[in-house]
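Participant: Read off the chains here:
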Amino acid sequence: GAVVSQHPSWVICKSGTSVKIECRSLDFQATTMFWYRQFPKQSLMLMATSNEGSKATYEQGVEKDKFLINHASLTLSTLTVTSAHPEDSSFYICSARKDRFNEKLFFGSGTQLSVL
Amino acid sequence: DAKTTQPNSMESNEEEPVHLPCNHSTISGTDYIHWYRQLPSQGPEYVIHGLTSNVNNRMASLAIAEDRKSSTLILHRATLRDAAVYYCILRGPSNFGNEKLTFGTGTRLTIIP
Numbered sequence: 013g014a015v016v017s018q019h020p021s022w023v024i025c026k027s028g029t030s031v032k033i034e035c036r037s038l039d040f041q042a043t044t045m046f047w048y049r050q051f052p053k054q055s056l057m058l059m060a061t062s063n064e065g066s067k068a069t070y071e072q073g074v075e076k077d078k079f080l081i082n083h084a085s086l087t088l089s090t091l092t093v094t095s096a097h098p099e100d101s102s103f104y105i106c107s108a109r110k111d112r113f114n115e116k117l118f119f120g121s122g123t124q125l126s127v128l
Numbered sequence: 019d020a021k022t023t024q025p026n027s028m029e030s031n032e033e034e035p036v037h038l039p040c041n042h043s044t045i046s047g048t049d050y051i052h053w054y055r056q057l058p059s060q061g062p063e064y065v066i067h068g069l070t071s072n073v074n075n076r077m078a079s080l081a082i083a084e085d086r087k088s089s090t091l092i093l094h095r096a097t098l099r100d101a102a103v104y105y106c107i108l109r110g111p112s113n114f115g116n117e118k119l120t121f122g123t124g125t126r127l128t129i130i131p
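Residue numbers (our numbering), protein chains in the order written: chain A, 13 to 128; chain B, 19 to 131.
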């Protein structure tokens, strides 16, 4: 089956630093990837839709200058949390679809970000 | 997106069938019914999806009411590895640009050994 790899699995950083999270589709090309955030005991919240070769589309209330998304190739999207603060500590999850006619979404294993 | 309603939690004994309900009374005619599950500390995993007819795969079965206002995910023989949060999600046809999945609160399924 299709695999989406997310790296790192967890990261601890100091407040004010930036953190980059990578999402790769290992055996398929993904023109669109999605980034979610999940706080403890809560559901997933869609942050943005990442489109290869164009600007990401952010959901309402998500700061595009704080959460930088780059989708430079058909197999890689990155999310950079800039100037991270403790309130950005969360579980970040990416997902991708094989093609626009495939109903399934494949998810990465998530990245636990802890900002001290 | 049309809203779904699921029980917050359910329990089931190991090796018994589990029926997870989902109400979606405002479903539109083109909405697909998707089920995903999320094991602890992992990303969600696709389980099954359907439109009108009941669907079966190796993981589960999806029973869809005739009026499509409700559906039931059926795990035929629960194991401890099925303990997860199960999400029932509605989404329009993917080839018409409806690519986003909007997650609700889901049902936390506990399997009792």
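Calculated from the structure, these hints are not laboratory results.
Since we're looking at a predicted model, the values are computed, not measured.
Backbone N, C-alpha and C fix where the C-beta goes; we use that ideal spot for every residue, glycine too.
There's no promise every hint is true.
Said to hold, decoys possible - As a list, the in silico DSSO-like pairs of lysine-lysine whose alpha-carbon atoms are at most 30 angstroms apart:
| # | chain 1 | residue 1 | chain 2 | residue 2 |
| --- | --- | --- | --- | --- |
| 1 | A | Lys116 | B | Lys118 |
| 2 | A | Lys76 | A | Lys53 |
| 3 | A | Lys110 | A | Lys78 |
| 4 | A | Lys53 | B | Lys21 |
| 5 | A | Lys67 | A | Lys116 |
| 6 | A | Lys78 | B | Lys87 |
| 7 | B | Lys21 | A | Lys110 |
| 8 | A | Lys26 | A | Lys110 |
| 9 | A | Lys76 | B | Lys21 |
| 10 | A | Lys67 | B | Lys21 |
Unchecked claim - Chain B is nowhere near these chain A residues, computed Cβ spacing over 10 angstroms in every case:
| # | residue |
| --- | --- |
| 11 | Gln18 |
| 12 | Val23 |
| 13 | Asp39 |
| 14 | Phe46 |
| 15 | Phe51 |
| 16 | Ser55 |
| 17 | Thr94 |
| 18 | Lys116 |
Participant: Which constraints among the numbered hints does this structure fail? Numbers only, ascending.
Facilitator: Per hint list: 6, 8, 11, 14, 16 and 18 violated.
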